[in-house]
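J.: Sequence:
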Amino acid sequence: MVEKVITLENISLIDFLGTENQNIKQLAAAFPSSKIISRGNEIKIQGQTPEITKIHEILSSLIDHYHKFGKITHNSVNRYLSSDSFTEEEVIITSPDVIVYGSKGGVIKAKTPNQQKLVDAIEKNDLVFALGPAGTGKTYVSVAMAVRALKNKEVKKIIISRPVVEAGESLGFLPGDMKEKVDPYLRPIYDALEDMIPVEKLKYYQENKIIEIAPLAYMRGRTLNNAFVLLDEAQNTTPAQMKMFLTRMGPNAKLMVNGDWSQIDLPRNQRSGLMEALTILRGVKGIGVVEMTADDVVRHRLVKDIVNAYTKLEEERRAKRDAEAEESEKQGVNNKRVKQSA
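Numbering (my numbering), first residue to last: 282 to 623.
Errors might be hidden in some of the hints.
Unchecked claim - Computed list of lysine-lysine pairs in BS3-like fashion (alpha-carbon distance at most 30 angstroms, straight line):
1. 335 to 352
2. 437 to 490
3. 325 to 306
4. 611 to 524
5. 601 to 566
6. 325 to 432
7. 306 to 335
8. 438 to 566
9. 484 to 392
10. 390 to 349
11. 434 to 405
12. 437 to 484
13. 490 to 349
14. 392 to 432
These are computed hints drawn from the structure, not numbers from a lab.
I would like the entire structure built from these sequences, with the hints used as guidance.
T.: As structure tokens, this is what we get:
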């Protein structure tokens, strides 16, 4: 009798083994001549060599399936036990427009035409700017593309950052150390990652610096190689911070810059590094720019109306400022003429 032990690494046991080890019991029932025992994160197989080899192949396929889809189901086990055609569910989730598979086995893909434009831009360019109001999926789609690049081994790590700018509240009054103070600012990114990567695997990635989430200030002095790098809330960068971030780009790196010009929290006299970068880099080849609109909002239906209302107000204010500036310029010219004639 031959014995083989398979160790499950970076795998949620309940998602892989099933409730009360149902997936392993299902596999064992298909090979009554062998023994398949699950203890902790180890699966022990005992039997004759040909059957052990077959069981090992199936388990390896199931492990690959888990890392791709985030869980093992009864249908998954059946699929690898036989050569039957894909089920309807599997046909759906293997469609080419899928970005990545969620930690619960769900499908994550572009939901609007502009989100698809963002996916296409990331595939074609090494530097992409995504602009648009809250709720348009800029961060979520970007994180999904980063996770896909990591799973496909196109990059070795994901680095996600954002500037820590106080939006009406002072960091000094928040409890805890620096990490605890800035974590709330990074919560949307954690939420997106948890949707796409099983908790245990995400913890492993973070502990081993395969996925880094850090304030923008921590990027200074680094060269980012073989990485998918996402800068979120970029409207709150200063010009110096934006230049610092963009010049971190190393070999085989992709940079994503997301921002919403309507939510700038910088002091009134401080220019936005995002707005300046878009002006400076306009026309540079290899840089993609995708603009999202209220039509791309995928939150509550009222969010779209709220965004439109604020956009209308901001446009009216901008038009008023432009008219005042033009009037002031005319007045200055007239005053100059009066002085010259005098």
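J.: Looking at the structure, which of the earlier hints fail to hold?
T.: Hints 4 and 5 contradicted; others consistent.
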